[in-house]
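In this text, residue positions in the sequence shown follow the working numbering: the first is 1, and each later residue adds one.
Honestly, the hints are just simulated from the structure, not real lab data. Nothing here was measured: the structure is a model prediction, and the numbers come from that model. A virtual CB, placed ideally from N, CA and C, is assigned to each residue, including glycine. Keep in mind that a hint or two might mislead.
[Claimed, not checked] Listed below are the simulated DSSO-like cross-link pairs for lysine-lysine, each with C-alpha atoms no more than 30 Å apart in a straight line:
#: 1; residue 1: 88; residue 2: 185
#: 2; residue 1: 88; residue 2: 123
#: 3; residue 1: 79; residue 2: 185
[Unchecked claim] The calculated label-pair distances, taken between Cβ atoms and stated as ranges, are:
#: 4; residue 1: 119; residue 2: 41; range: 31 to 41 Å
#: 5; residue 1: 176; residue 2: 65; range: 19 to 29 Å
#: 6; residue 1: 161; residue 2: 72; range: 17 to 27 Å
#: 7; residue 1: 41; residue 2: 79; range: 19 to 29 Å
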Amino acid sequence: MTTTTMTLVSPRLRQALYRLFAWLFLYPDDERLELLRRGAAELLENTPLWEGMAYAGGLQNVLATLAAMTPEQAEALRKEHMRLFVVKPLAPPYESFYVAPDAEARGWVTVQMQRLYARHGLKMGELNELPDHLAVELEFLSWLFEQEADAQERSNMEQAGAMQEECENFLNRHLRRWLPALAEKVRQGAPDGVYVPVMGALLDFISQA
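I would like the entire structure built from these sequences, with the hints used as guidance.
Below, the structure is given as structure tokens:
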């Protein structure tokens with residue numbers, strides 16, 4: 001994707017979308033589901049800002065599902081999350097599972113990710129996940145876009161450009177490499193579940209943003 005394509009959607013909006021996707025891959029307890037509902041509703045109100053993008057249709061469907069989720073649907077989502085991502089996971093949400101051939105190599109991937117975050121002055125915080133977990137990588141992208149937006153608002157276009165380049169490099173070196181394989185495991189593990197369209201929307205999004 002070119003830099004021109006990336007600038008079609010504001011970094012503030014990309015920050016919000018990546019954070020929402022990150023929340024989707026953490027356990028959907030009541031507090032997080034409420035955050036997802038509110039975030040989805042707010043993003044739906046801003047549809048004109050991104051409706052022309054290629055990922056708009058799938059994203060809008062996912063947001064609408066989250067904004068209107070019933071208690072029964074929420075419970076089904078929890079069970080699906082546990083089956084896919086936690087208990088003997090059918091679709092492990094860790095980069096190292098898809099890019100490393102053995103346990104030693106997988107450990108090295110997590111170390112590299114932790115060092116990458118540390119270079120930016122970041123700690124793992126409250127996510128309580130390994131550094132190569134999908135939610136952590138998405139949260140990191142959200143943070144990078146936040147830095148880009150802050151730099152733009154300070155009229156520091158050199159710093160904004162550097163952050164935009166960092167985002168693109170991270171997508172190419174990480175998520176765009178392994179997310180398609182995870183999406184296929186999700187499709188096989190829960191073909192009629194909520195996470196299949198979520199993965200589809202995320203794949204479309206990372207190809208454009």
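Hint check:
1. 88 x 185: With Cα atoms ~13 Å apart, residue 88 and residue 185 stay inside 30 Å; holds.
2. 88 x 123: 27 Å, holds
3. 79 x 185: 16 Å, holds
4. 119 x 41: 31 to 41 Å: Holds, at about 36 Å.
5. 176 x 65: 19 to 29 Å: 25 Å, holds
6. 161 x 72: 17 to 27 Å: Hint violated: Cβ distance 47 Å, outside 17 to 27 Å.
7. 41 x 79: 19 to 29 Å: Since the Cβ atoms of residue 41 and residue 79 sit about 24 Å apart, the hinted range of 19 to 29 Å holds.
Hint compliance for this structure: hint 6 alone is broken.
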